[in-house]
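Participant: Top line first, the protein sequences correspond to chains A and B. Those letters in the first sequence? Residues 13 to 461, by this note's numbering. Those letters in the second sequence? Residues 991 to 1248, by this note's numbering.
Quick caveat, the hints were computed from the structure, so don't treat them as lab data. This list has only true hints and no planted wrong ones.
Here's a subset of chain B near chain A, in silico, CB distances under 7 Å, partners left out:
#1 R1019
#2 V1022
#3 S1035
#4 F1055
#5 P1151
#6 D1153
#7 Q1154
#8 W1158
#9 A1159
#10 M1166
#11 A1169
Sample of chain B residues facing chain A (criterion: CB under 10 Å; computed from the structure):
#12 M1023
#13 K1038
#14 C1048
#15 G1051
#16 Y1079
#17 R1095
#18 G1101
#19 T1108
#20 L1111
#21 F1117
#22 Y1122
#23 S1144
#24 A1156
#25 A1197
#26 G1246
The beta carbon of each residue, even a glycine, is placed where N, CA and C say it ideally should be.
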Amino acid sequence: MHGHNPAFYETLSSFLGGYYLSLAAMNGVAACYLWVSGRGRRLFGVPTYLLWLFSALAFTIVSPLAASGDPALIPGLSQGFRNVLDAIFNPVVYSVGSLVLVFGMFFARRFFVNPTVAWIVLNSAFVFMGLSMTDPDFFEIVKKPDNVPIVGMVYLLGFFTWVGASQAVKNDDRRRQGLGPLEAEDQEKVLVWPDLVYTEMICMIGLMALLIVWAILLQAPLEEPASSVKTPNPSKAPWYFLGLQEMLVYFDPWMAGVVLPSMVVFGLMAVPFIDFNKAGNGYYTIDERKFAYMTFQFGFLVLWVTLIVMGTFLRGPNWNFFGLYETWDPHKVAALNNVDLSEIVWIEMLGMERPRPAPDDGLLVGWSKILLRESPGIILVVLYLAVLPPALVLYSKFFRGMFVRMGFLRYMLLTNLLLFMMMLPIKMVCRWTFNLKYIIAIPEYLTNF
Amino acid sequence: MPSLSEIIRGSQVWKSVFRHPMPVDRRNRIVVMLTNFFLHLHPVSIKKQGIALSYTWCMGGVTFFLFLVETVTGVLLMFYYRPTLEWAYNDILALRDVTSMGILRELHRWGAHAMVITVWLHMYRVFLTGSYKPPREFNWVVGVILLLLTLLLSFTGYLLPWDQLAIWAITVGSNMARATPVLGYEGPGNQLLTVDGISMITSASDARFGLLGARFVGEETLNRFYVLHCVAIPLAASLLLAIHFWRVRKDGGISGPL
Ligand code: HEM
Chain A
13 MHGHNPAFYE TLSSFLGGYY LSLAAMNGVA ACYLWVSGRG RRLFGVPTYL
63 LWLFSALAFT IVSPLAASGD PALIPGLSQG FRNVLDAIFN PVVYSVGSLV
113 LVFGMFFARR FFVNPTVAWI VLNSAFVFMG LSMTDPDFFE IVKKPDNVPI
163 VGMVYLLGFF TWVGASQAVK NDDRRRQGLG PLEAEDQEKV LVWPDLVYTE
213 MICMIGLMAL LIVWAILLQA PLEEPASSVK TPNPSKAPWY FLGLQEMLVY
263 FDPWMAGVVL PSMVVFGLMA VPFIDFNKAG NGYYTIDERK FAYMTFQFGF
313 LVLWVTLIVM GTFLRGPNWN FFGLYETWDP HKVAALNNVD LSEIVWIEML
363 GMERPRPAPD DGLLVGWSKI LLRESPGIIL VVLYLAVLPP ALVLYSKFFR
413 GMFVRMGFLR YMLLTNLLLF MMMLPIKMVC RWTFNLKYII AIPEYLTNF
Chain B
991 MPSLSEIIRG SQVWKSVFRH PMPVDRRNRI VVMLTNFFLH LHPVSIKKQG
1041 IALSYTWCMG GVTFFLFLVE TVTGVLLMFY YRPTLEWAYN DILALRDVTS
1091 MGILRELHRW GAHAMVITVW LHMYRVFLTG SYKPPREFNW VVGVILLLLT
1141 LLLSFTGYLL PWDQLAIWAI TVGSNMARAT PVLGYEGPGN QLLTVDGISM
1191 ITSASDARFG LLGARFVGEE TLNRFYVLHC VAIPLAASLL LAIHFWRVRK
1241 DGGISGPL
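One chain only, chain A, in its complex shape:
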């Protein structure tokens, strides 16, 4: 490994010095704000502005150390700790972990919307980032120009999820006290000039300044000239499509690249027509639309965003999974012995040969043999898409309520969209638990599912 490479520590230091200084400034500003506005709270009896002031001081002290370029002085993570993290990190831990995180934040939302808690979480996330940077492999991937915005996006999404949730919790509390949502207090009309026009202008100037600074600090990537014979490994799609590329691990391209993305677009368009809940129109709330809220969080944060993050930072050569601090070794081999459902059923469970169409079979005979061979999968899929939704009406009070209010067509549309969305996690779990490759495999007609 490129352990003690002076050039690496030089680039690292030039970045980290400023990084910790900004963290100091961030905490200093927060401390001043809380002190002046008197809105500070107490944590174990200590006023929070004092805590942030101390954090600011601590970051100020760390900053010159980090800027020194001396590996012994830059605060980092021990190799042992990094190895442990890498060893326990794999797609299962990562995916289940993000799921648990999103649901955990939902159930404990009252805890997380507390500004003091949120501020501690934010600081910890930044510190973890700073400490991880001292790992050359981590730094290598994170500093790639096209990956920098993705890091930013993760923080922004965390921030705005918090903003949305805290407004929602406030409104939900008000409702319990018989008050209207906070937004209802703001119905007084103001003139657009100057109130809105000036805000817009300040926003535009601020944004433009931000963009210019960003453009000066970070050069756009330009690699070697295009060559159609030299395939880079890994070859990655643009970052916003990496979730789709990740799906290729579990689905054939016609599903991962065409059918499922089309369903995403179609499903998004259908949202206003299948959400029959009239509450929560024009104000933040979670309690009044828990199902919609969680479905969206699951689809957007868990299935879309975390897959992008995984595809960007954790997928290396040959699309193998690599831990945060693992070197991207192109020779890493991952055992691949996945089996089709038909193999499991016919060969392992029934102990017989699978029906196989012979070359001289007619179209009809050939197809019947294929259908017979794939019947376990076909039956499962039919059960899943056509039988499960009505069954839910019979056996689940929740879905029966939906059915009654939505009518047959809208109900089937909603459940089928949900079931399509769940196909990905289901296929993931099947792969992890019994190496399932295809539920239905008809390679004769390029239809593997």
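For chain A, the structure is supplied; the task is to place chain B with the ligand on it using the hints.
Facilitator: Then chain B with the ligand, alone, in the frame of chain A:
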């Protein structure tokens, strides 16, 4: 002596452009909103909630601003850049190493990344406030198409530097089109389009070929993506943006509790 600004504002030229005195009183603050082309997108007065940062996060506005930045920097970049195998890469290289305004490329690229992120955040906000509910269903649908166009803009632009990053990202991305059901030559059901035993769907006539203009990412693709990126998609997006903004007004302004 009248001051210089009084002279300017008293001149016939100034008055021909701005048909009212400075918007310092209530009447003229209303008039300015009604008579200025750029401002008439806005209503004259608005609920406080509609301009609360904590409500809209200003994300739609930020996205639109980034769209404008992309348009301006993009047009300037078009003055430098030639979409041919001979020049594409070299022109980008020159923007980095030679051209004094090379930072335009950085502005354009980071602006594009930022726009993808802000469009997601905008959608996130609209969802969290339930603003897609009646009467705003249609505007949500328009929004979804705008989201798609934003991604396509970014995708087609990704190819233009014509470096390794560009062509392989587009190759990976467009390979999926090969597997389009019925219309891709590696897609399920493409045998359906067989006439007299001759398959209509080949690697030179399938969906991917239509996207790339060739069997592989090559000069035809560069040209095709250039036109899509600089002309076709921006035009479509502008039209939809106009509809989107118009509908925000017609649906009763920014959403709020009923
Ligand atoms: C190029 C992309 C887009 C631009 C420039 C844009 C711009 C805007 C702007 C400026 C507003 C006014 C309120 C605000 O700033 O939040 C707005 C409202 C709205 N947008 Fe977008 N938008 C875009 C994409 C989308 C997408 C992807 C969706 C949803 C899928 C969407 C759905 C809506 C809806 C429903 C409203 C009305 C919200 C309300 O009344 O509270 N838009 N958009």
